[in-house]
Every structure is written in structure tokens, then in C-alpha cells.
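Following the hints, put chains B, C and D in place on chain A, whose structure we already have.
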Amino acid sequence: MEVKEVIRVENLVKKFGSFVALNGVNLSIVGDGITSIIGPNGAGKTTLINVITGRLKPDRGRILFMGRDITGLQPHKIVRIGISRTFQVINLFSGMTVYQNVLIASLNRGKYNKSLVEDILKSFRLESYRDLEVYRLPHGLQRLVEIAVAIATKPKLLLLDEPTAGLNPNEKDLVVELIKDLEKQIPIVMVEHDMDIVFNISREVIVMNKGEVIASGTPDEIASNKYVKEIYLGV
Amino acid sequence: MVSEERRSLLKMIGAGVAGLVVGIAGGLALAPEKVREIPKTTTITQTITKTETPVAKLPKDTIRIGVLGIRSGTWATYGTLIEQGARLAMEEINAAGGILGSKIELSIRDEAADVVKQARELVEQEKVDFLVGVDSSGNAMKLGPIMPELNRIVIFTHAATHRVNEELVYKQGIKHIFRISVPVYQDGILAAWIAKDLPVRKWAGINPDYEYGRVSWDFFKTTLKALRPDAEFVSEQWNPSPGTTDFTKWISAIMATDAEGLFTTNWAVEAITFHRQAMELGFYKKIKAVFNPMGYSMDVAYGLGKDYPKLEHGMWVSGRYVWFYPPTDVNKRFVDACVKRWGRLPAYSTETTYSAIYMIKAAIEKVGTLDLDALIKAMENMVLITPAGVRWIRPQDHQAVYEIPYGKISGETINVGGDVPVLTDVRAVPAFLYYRSPPDYKMPIG
Amino acid sequence: MKMPRPSPELYGIFLAAVSTLIIPVFREPFYMYLASLFMIFSIFSMSYNILFGYAGLLSFGHALFYAGGAYTLALFTLNLIRDPLIGTLAAGLVSLILAMLVGVLTLRHSRIYFSMLTLAFGMLLYALLLKWRSVTGGSDGISGIPRGGIIINIVDPIARYYYIYTFFIAILASLYILHRSKYGLLIRSLGANEEFLPFTGHSIFKLRIAAFLISGSIAGIAGALYALLMGVVTPDLAYWTTSAEPLVATLVGGPRFFAGPILGSLIFIALTTYAARIADIWQLVLGLLLIALILGSRGGVLELVDRIWRLRR
Amino acid sequence: MDLTPIFYQIFIGLYRASIYWLIASGLTIIFGVLRVVNFSQAVFLILGGYLAYTFYYGFTGSFWLSILLASLCVGIIGVAIEFFLLKPLYKIDVTYQLLMTFAVSLIINDATKILWGKLPVSIPLPETLGIGVSILGRTYPLYIILMILIGLLIYVSITILINRTMWGLRVRATWRRPEIAESIGINTSIIYTSVFFLGGFVAGLGGSLMVAFSPVAPGLGDFLIVSAFIVTVIAGLGHLTGAYIASIIIGVSESLFTLYVPEVDLLLIYLIMALSLLIRPQGILGER
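Protein chains in written order, with the numbering used here: chain A, 1 to 235; chain B, 236 to 681; chain C, 682 to 994; chain D, 995 to 1282.
Rather than coming from a laboratory, the hints here were simulated on the basis of the structure.
Any given hint might turn out to be false.
[What the hints assert, rightly or not] Straight-line Cα separation of at most 25 Å, DMTMM-like style, residue types lysine to aspartate or glutamate; simulated pairs:
| hint | chain 1 | residue 1 | chain 2 | residue 2 |
| --- | --- | --- | --- | --- |
| 1 | B | 406 | C | 876 |
| 2 | A | 156 | A | 5 |
| 3 | D | 1085 | C | 876 |
| 4 | B | 410 | C | 837 |
| 5 | B | 575 | B | 564 |
| 6 | A | 210 | D | 1121 |
| 7 | A | 77 | C | 875 |
| 8 | B | 406 | B | 675 |
| 9 | A | 57 | D | 1257 |
| 10 | D | 1085 | A | 133 |
| 11 | C | 863 | A | 204 |
| 12 | A | 210 | A | 230 |
| 13 | C | 863 | A | 133 |
| 14 | B | 541 | B | 647 |
| 15 | B | 612 | B | 296 |
| 16 | B | 437 | D | 996 |
| 17 | A | 156 | A | 133 |
| 18 | B | 521 | D | 1173 |
| 19 | B | 437 | D | 1257 |
| 20 | C | 863 | A | 127 |
| 21 | B | 567 | B | 495 |
| 22 | C | 863 | A | 162 |
| 23 | D | 1085 | C | 837 |
| 24 | A | 156 | C | 875 |
| 25 | B | 362 | C | 837 |
| 26 | B | 352 | B | 340 |
| 27 | C | 812 | B | 606 |
| 28 | C | 863 | A | 119 |
| 29 | C | 812 | D | 1257 |
| 30 | B | 545 | B | 467 |
| 31 | B | 521 | B | 471 |
| 32 | A | 154 | A | 119 |
| 33 | A | 180 | A | 204 |
| 34 | B | 295 | B | 606 |
| 35 | C | 887 | A | 69 |
| 36 | B | 292 | B | 606 |
| 37 | A | 154 | C | 875 |
| 38 | C | 812 | B | 564 |
| 39 | A | 15 | D | 1087 |
| 40 | D | 1081 | C | 984 |
Looking at chain A on its own, in the form it has when it is part of the complex (with noise of 0.2 Å):
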């Protein structure tokens, strides 16, 4: 009996040409809190994110989100159904202003309710840029943006591909405060290589190795894993 199984993986398999990204990932994750995806460069965990939200499309395997068959929706669909992602380099209309990038978000599924947009920019303190283009923002306030219009899109999973990548030490406080709010509200799955923040606040941690799942539990089962420590940690 599965009580509210966010998201299950099914033996997915996704090949580049003769490189194999993906080699039968199964993987399921239960409950609220943040699940961190950890693994060396090229383990495959962006392209793990891309097949989920449909950027990509698997060679072979099931996605279930909520109990409902999602693989190989085109990403709209899937964004519809309630998953929004964010990306290693920030994507965002760049051109536009942080209202209309939050806005565009805000306006699927037809209703759209003004009140919405203006708490998301409240609440990730972003009112007082709201009428800048990105493009002229800091690098943090930008992946702040880009996690609210990923919040705009009102999901039920939220997965984040390196929300701290190419931070300065403050930005990344910044970033980690916020998810932390959010882990409140809704599950998150996050890929990231800053394993303090990891370990700090993560409820489980998956590690991947050439395209599969090699071990997952608790930061603590992780940390102490000896297999992990090996191809991973290298220690």
C-alpha cells in the first residue's frame, strides 16, 4: 500500500548514440522533504531530470508521477500535471521582466489570479526588481526568479538540476534558506554537488554511477556506505 508515492522510475534506459546515459534506473521516492541526486560528472543525473520532465524522451522504461504514466509526455504536459524543473544554467525569458517571467508561469491551465504572482514575488523578496529585465539582475537573484516562476507553475514536485551552481558563498545561503522554506510546502528532488548542503539538507540521498542507482538511504547511511565512499567519494 503506497501512502502518496511521489515519484517512481522504472528500469529506464536512455542512450546517446553509443553512450549509454541511463542503464535501467529504478528508483522511487516517497513522502515530502528534499531527495538529493548525487553522482560523479556524467552518472547521469541531469539526464535523469531531462527524461522525467519530458525533455528528453527514454529508450525504455515507465515514469510514474503520483501513480499516473507520464513517460514521454511532451514537458508542457508534464509541467501541467505537476512537476517544474529548474536547470544547471539558468533559463528564463531574459529579455522580460521578473513580473512577466513570473506572470507567464502563472497564466497556465487558463485561471490565473493576480494574487498569486505578487505573493511568489513577495515571498522570495524579489518586489523590489519586479519591473527589471533579468538579464540585469545578479547571478542569485536570477536562479531566485528561476525558481519562482518554476513555483508560479503551482507543481507538486519541484526538482532543481544544481540550484548552486556557479553561486558566491552568500548567493548560496540565499538559494539554501529558500529551499528549505519550500521543502515545507512541497517534495523537492535536487541534483547537487556541494555535498555540505547536501548532507545538511537532504531527508534522502541517491547516488548514481554510470547511468544507475547504486545506493540510496539517509545522509548518514550514505555518508558511512563504503561502496559509495569508493567510486564516489573517493575517500
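Then chains B, C and D, alone, in the frame of chain A:
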């Protein structure tokens, strides 16, 4: 000054007579009674009265004429040919003291850049008094309807669609439009009149896929069928135009039939390309006779030069004017002038535009004013002695009636700024036999 | 919400609206004709910019809808209902349907594909207009388009002028509302970052179709107005060079701006009128102009104006 | 029944095919590697014709030498365009690169008119090519056979060039993922330039060969580019073999239809396009 005018006048008359002789030689006897009189009477009298009663000077001392031609794109060369005719006439007339003392000025425009805009600007901004030229039939059909609004006379010198005279002038009664060049009649109907006597029964057509090609082929078929009931039309091919660089597939498609004769209205670069490729494919080993109504327009004649194929029953070519016909002084003088000025034999649209300017001169000199209605009246029924021969401006639809010969490529060439094929067996059928005429514009047969 | 950029645009638009309003007072037919061309061409270019400037779709076949509209009006008023107004609306409708058909075939493809396909579809109509002579009059086209009808009569040049003017203003206004609306924002987001759009939960295809339909139908109306102005329609309306004209105008004016196409049209009309006079090399002129814009200021003239405007404040 | 007509019609179709192919091949490699649709590719062809004319009458008087020089020149012009006009645009939206090549085609159109005048130009076929093989009352001109073979030759040599040479290896690396190519130390900028040279060269070759059989006049490029676009679209952008097949499909079917249903001419190519869009939107060899 005066004496000079006298001399040139005498020449004119002489030429007029010569023109007539040719006309009669051409077989005026066949023409309907009424028509036959016109050249006999009016030519001479008109020319004389013109100088006997000296007219008052015009209100303005320059007469501005707007010249429209295609000056960009694939057919850009045609705009130049029109310009050459206009310039030559202007230079001659101005050198000879202008029109009743007023000098001619030209403004030359690219009709391909929105002909209506160009015409409006010429008339409404540059205040030109007349418009001449226009290469494309489509543009003629665009320009024609706004002439009453512009309140000017336009003389078309190339656009050949029969709809200009039959619809715009005759049916819609737009009196401001005249055409001094021949309509498609010459290209389709006249060809049939000559084709009927050839030992060729099975005909095929490769024609440019637009109104000119369609209509000409249609005229050719209907006429020939009527004149020669046993004629057969075994294949119809249509090539896009402009823009066809490769005729091979149409040529070979016709070679797959048992056609002995070919009718093609391809012209300009496409005529050249067509004949070259036909030769390469051995097409003319099979085809015994060809009619190419625009095949002797100068760009094609020069373009093919010595290579112009000579066929068993004739490579029959023509133009809306051919430089050697009629053999009158007027024509000789014109041809010499052209060769001197432009280094090449005159193309048909050069002659038609040249004559159009002289037509304006004649009209103004006749009425002595620039009053539009008077000028229109003067031009209607006017008989002009032009390089292309005696032209009668048919009053009902303002279409110039004159005859154009067809001739066979002889294989000989002469060199005038390039090799030009010489024609033999030149056939001139009186215009009245192949012009469609109001009111019904029936196909003129027998 | 407040304008993205409080720019001189609005003043410019207002100026255009007023000056075109008073032109006929001067009784200069040539300038009335140029002004009519300008208004029609502006409508055409504005419709084009919904694709190019908003949705980031480079079309070489917009003449399809322009010519489609022009021929619809000609055929409709001559054969069905003899009225310019109904004819104009019919033209808009037919172009809308055309846009639907072509859109479904072309809009699922990448943008480059789209550009090439639109060129081909535009030329398809061109070929049809030449071939289907019994209906379209072939290369001579259709002349004698009626200006007097059961509802309105625009036989008089001035009346015709203000008929065009009315549509110019109406379309100007409605497109400005679209520009400011949330839907307009969504369409512009296509051009802003198409790859990202799906992850905000919007379908690229649906928005593209929407843009295409709006753009196509308005281009159709522009075509109809052109047919009424000229009284004649010919196949060259559908030739691909006709599609290139609003493109150039838009680029000159500034694709990112609402007023871009309008300013562009003004410059374009002036330029072609002038360039055609100095010589028969206006393709060359346009080409050089394009290169200058692409390398210099892709935002067009308005981008420069906008920069200066920002500096001043 | 006598099969000669059909056979001959196919023969002619193959000739048309290689004209299309001589434009489409350039379009394809340039797009494949640079992701640029070169709108001026057909104008390159016309330019090749004009240059061959100039070299023939102005300098060499030799058919083959003129063709070689003309092809090289067009190749170099291609390089110049790529270097000065396109390089600055690689960072920005693809549509602007397409626009740039469009502007170039406008300019070359009028330039040819200014430089070579408005009259069509052509050069005579050399005696060696003037002759034709006569079979069953049909002449198979050596020239046309040559053109068909050259089309094939170009296909083969480009394929070898790309699949068997070091340069080709780099090109293939750049073909799909320039960023990766850069990361493994390939100088993509040189690859781009060389590819543009190749594209120009092929077009120039086509044009200069063509001018001996089909005179060139200003503006002819406009008509060819549309067909070439349709070919590449049917092929699936960037698919060399696809483009070759598509050229043959279009060329031959156009030719055959002329024999049996001449009326669909002019429309046929668009019908084929619409059809292939419905059946194989991704192109003959394109994968979704």
C-alpha cells in the same frame, strides 16, 4: 530651317507612298472595302495640312513624357530597349526644333517597382504630359484602369494582351489608352495563316505558362484548325516563365510524340535557351517547322546569331517589328540612326516606343494644343508613317493596325555589332486578315 | 500592469494616426496614394511582426495570406456579394482558414524548417494563381474590382482612403491591446526563449498556431484593402518577394517594438519610392540596408531611439 | 510498347536532378555543419555561370579552365561571406543568419546585373561535348551524361571526404554538437569556413557547367532556390544522402509527369512537398 523641314517632309511623303506600295503589295486587295480607303486618302492629306497651316506655339515650352519599362529582374533588358527608342526620338525631334517649338523631356521609370506608383508620381508630381512604354501585360492591365483618374494619354509600346484594347478600351471605354504595338493576334493568328500552307499537319506547342503563352497558343490552334481542318495538335507543354533555364523535359516529351511542327511563344532569354537545348537534344532532326513569333526580336536574334537553326520547312520567326521591313526610307533612316546611336539593330520595342513619341508629335501638331480630348480625337483614326510601315490607329479600340512579316531563318548572317541571322521567304499578310476587330472580336478566318 | 518600457512609441503611433487622418486635406492624389500604401503596408507588416518579432518565426511566405486576402476580395465581390466591406471581412476569414491549414503543416517543425516551408507554400499559391486561369485570370489577374456595394460605397478616392484609414486605426488599436494583454505576453515569450517556454507549462505549438492565425487573418485584410486600392489583383502579390517586404520593414523599424513595423513601413515606402527613382538597383539597396541592420542594430531604428530615450531619463 | 520515351524522360529527369542536387548539396552540408540555411546558394550557382563567362571570354578561352576558376572563385566568395558576414552571428539567433544570406542573395542579384549587364550570357560547349550518342532516334548529348555523372561524382566525393578523411572526421564531430567538438579541441571556426568554401565551390561548379547549356540572366537564382529548399526539406535538413535521393525523386518525377500529365507541372513539386510533409515530416532519412 524651313527648307530643312520641307525636305524631311518630302521624304516623309515619299516614305508614305513607299509604305503604301508595300502595303498593297502585301495584298490590300483582300482587305474589306472601307478599310482599304483609309491609307489612300488620309495619309497624304494629313501630312500636308500639318505644315500648310502653321499653328500657334504651345502653352509650355517643354513637353514631358514619362517612359515606363521593366528595368529590374530577369527581363530587365527590355526596359533599356524601350528607353533607347524614346531617347532616339526625343533627340531627333529636339534637334529638329521640338514639337511646335517645345522641347521634349523624358522621365524614365522601372515599371517593376509598382507601376501604379510610378505612373502616379510621373503624372502627379513630375507633371508629365504623356505616358509611353510598359513591357508587361499585367502592368498594362493595372495601369489602364487608372488613366481616367490620371487624366493623361498612355501609349503602350510592348504589353501585348488583347484585353487592353478589347476590354479596357472597347468594352470599358477608357479612351485614354492607345497601343502602337501589335496585340497577341500577330503571334498566334498570323502564324496560323502562314502555317496553313506548309506541308506540316501535326503540331505541338511549348509555351510560357502565363496569359501571353496560353492565349497565343489558343489563337494559333483555333485559326489553324479553321484554315486547315486536317491539322492536329498532338502535345501541349507549358514552361514557367520567367525563370525556365532547362527546357529538356518538355522537348523530350514532345519528341515522344509524332509532332512535325512546333509553335512556341518563348521569348527573350528563354527563347535562346530553348533553341540551344532543342538543338543539343536533336529535336530539329525530328521537327520540320517551327513558329516562334518573338524569335526575331533582336535580343534573341543576336543571342543565337550563327547558331540559329534552319529547318526543312522553316524556322519561322518574327517580332512586333523586324528591322528590314518595310524597305522604306523612313525605316532605313530609323535603322541607321539606331545603329549609329546604340550600336545594334533596333529591337521591336525600340521602334514602337520611337514611333509612339512621333505619334504624340503628330497629334499635337495636328491640334496645336495639349487639350486631352482634342489629342484623343486626333489620335483616333490617325494614320502614321512609321519605320514599321503605315500604322492606322483603329478608332473603336485605339489599337494600331499594321502588318508584321514572318520570315524563315536563312542560315546567312550579317554583322551589325554582332551576328544577326538573315531571313528569307519573308511573308507579309495584310493586318486586316489576322486582327480581331470590334464589335465581336471574332477570330478572323477567311 | 505598467508598460514594459515607457517609450516614444505611443507618440509616434499617435502622430501616424493624426497625419494619415489629415493627408487628404492637401488634395495631393499622389501622397494620398502613398499614404494609403503606407497604411496597408503597416497593417501587413504589423501582422508579420506578430510572427517575426513576437513569436520569433521568420516567414518567407506571408504573401500567401496577403494575396489570399486580395484574391478573396476580388472573387467574392465579383461573384458572390458585391460589397467591399463584406468582401474585406471574407478575406480575413479565408486567410484565417489558410493560416490554419499551412500552420498545422509547418508549425510543428523547427524554426528554420518553418522558414523554408513558408517560402514553398507561398510559391504554391503563386503557382495556383497562375495555373487556375478560369478563376484567377492567370498572370493578367482580375481587374474591375467593384468599389460600390450594397452596404458601403468607396468609389470616391477620398471615401476609399478613409475606408482604409478606418481599418488601419481599428487594427492598430486591437493589436496594441493584444500587445499589452497577457496573451500577447505569451506569444512574445515564444520569441523570448522558446526552449524554456514548455517548462512554464505552455504548449509551443498552440501558441505558434495562435500567433499564426492572428497574423494570417490580418495579413488577409491588408491584402483585401490593397485590392480595393488598386482595383486589380495579380499573381505577383503571392510571389516570395512580396513576403520579403514586410520583413525588411519590420527589421528596419525594430521587431521588438509595437511601433517597429509602422515606422519601418514608413521608411520602406519612402525608400522604395526614392530608390526606384535613383536607379534600378533597389534590391541592392535593400540588401545593404539589411546587412547594416543585422550587423549594426538588430533592434532597428526604434532600438536606437529607445536607447537615447533611456539616457535622457 | 516502345519504352524509349520513358527511358529518355528518366534520363532527362536525372539531368534535372543533378542541377537541383548541385544547389541542394551545398545547402545540406552548410546547414549540417553550420546550422545555417544559405539562402544565397542558388545565387552562387548563377554567379558561377557569370564568372565562367568572364573567364572564358576575358582570359582563358578554355572551357574547363574557366569552370575550374569560376568554381574556385565562388568558393572564395563563399568564404568571404562566411568570414565577414556570418561569423559575427553564430552566437545569436539562427534566423538572423538566414536573413544575412537572404540579404546577400539580394545584393548578388543586382550585382550580376550591374557587372554583366541585363542580357543573358552563356559560353559555347567544347567540341568534345557538343556531340551526342544516338540510340533509337534519340540523341543522348554527352553534356547531359556528363552532368549526371558529375552529380553522382559530387555525391560520392563529398561522402568520402566526410567519412574517410581527417577533415571529415572533424566535420562529423562538428556536424551535430559543435560545443563538444570544441571541447575536444577542434577548431570549429576553420571547419565552418572550409565547409562554406566547399558549398560555394560545388555551386560554382554547377553554375559554370550549366551556363554552357542554359544561359544565365539576372534574377534566375530566385526560381532555383525555391526548388532547392523543397528538395532539402523533403530530404530532411542536413541529410546528404537524403538530399541526393530527393533531388532524383523531384527531377525524375517532374520529367515523367511532363510526359503524361503536363498540366500539373509547376504545381507538382509543391504537391510532392506537401505529401512528404504529411507522410514523413522529418524527411526521407531524417529521424524524429
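Margin query: Would the hint linking residue 180/A and residue 204/A be met if the CA-CA limit is 25 Å?
Written below: holds (14 Å)
Note to self: Tell me if the straight-line CA distance from residue 863/C to residue 162/A falls inside 25 Å.
What the structure shows: violated (31 Å)
Notebook entry, point to check: Taking 25 Å as the top limit, are the C-alpha atoms of residue 156/A and residue 133/A close enough?
Noted result: With Cα atoms ~28 Å apart, residue 156/A and residue 133/A exceed 25 Å; violated.
Check: Between residue 406/B and residue 675/B, is the straight-line Cα distance small enough, at 25 Å or below?
Finding: holds (10 Å)
Check: Given the proposed pairing of residue 567/B with residue 495/B, does the C-alpha separation stay at or below 25 Å?
Finding: violated (37 Å)
Notebook entry, point to check: Does the alpha-carbon distance linking residue 1085/D and residue 133/A stay inside the 25 Å limit?
Noted result: holds (20 Å)
Next item on the list: With a cut-off of 25 Å on the C-alpha distance, tell me whether residue 612/B and residue 296/B pass.
Entry: Distance ~23 Å between residue 612/B and residue 296/B Cα, so the pair holds.
Next item on the list: Take the C-alpha atoms of residue 887/C and residue 69/A, compute the straight-line distance between them, and say whether it is at most 25 Å.
Entry: holds (23 Å)
Next item on the list: Take the C-alpha atoms of residue 863/C and residue 133/A, compute the straight-line distance between them, and say whether it is at most 25 Å.
Entry: Given that 25 Å is the threshold and the Cα spacing comes to 17 Å, the pair holds.
Check: Are residue 156/A and residue 875/C close enough, with their CA atoms no more than 25 Å apart?
Finding: This hinted pair holds, its Cα atoms lying about 24 Å apart.
Item checked: Hinted pair residue 295/B and residue 606/B, Cα distance within 25 Å -> holds (12 Å)
Notebook entry, point to check: Straight-line Cα separation of residue 812/C and residue 1257/D no greater than 25 Å?
Noted result: holds (9 Å)
Of the numbered hints given earlier, the model fails hints 1, 6, 9, 11, 17, 18, 21, 22, 23, 27, 38, 39; all others are met.
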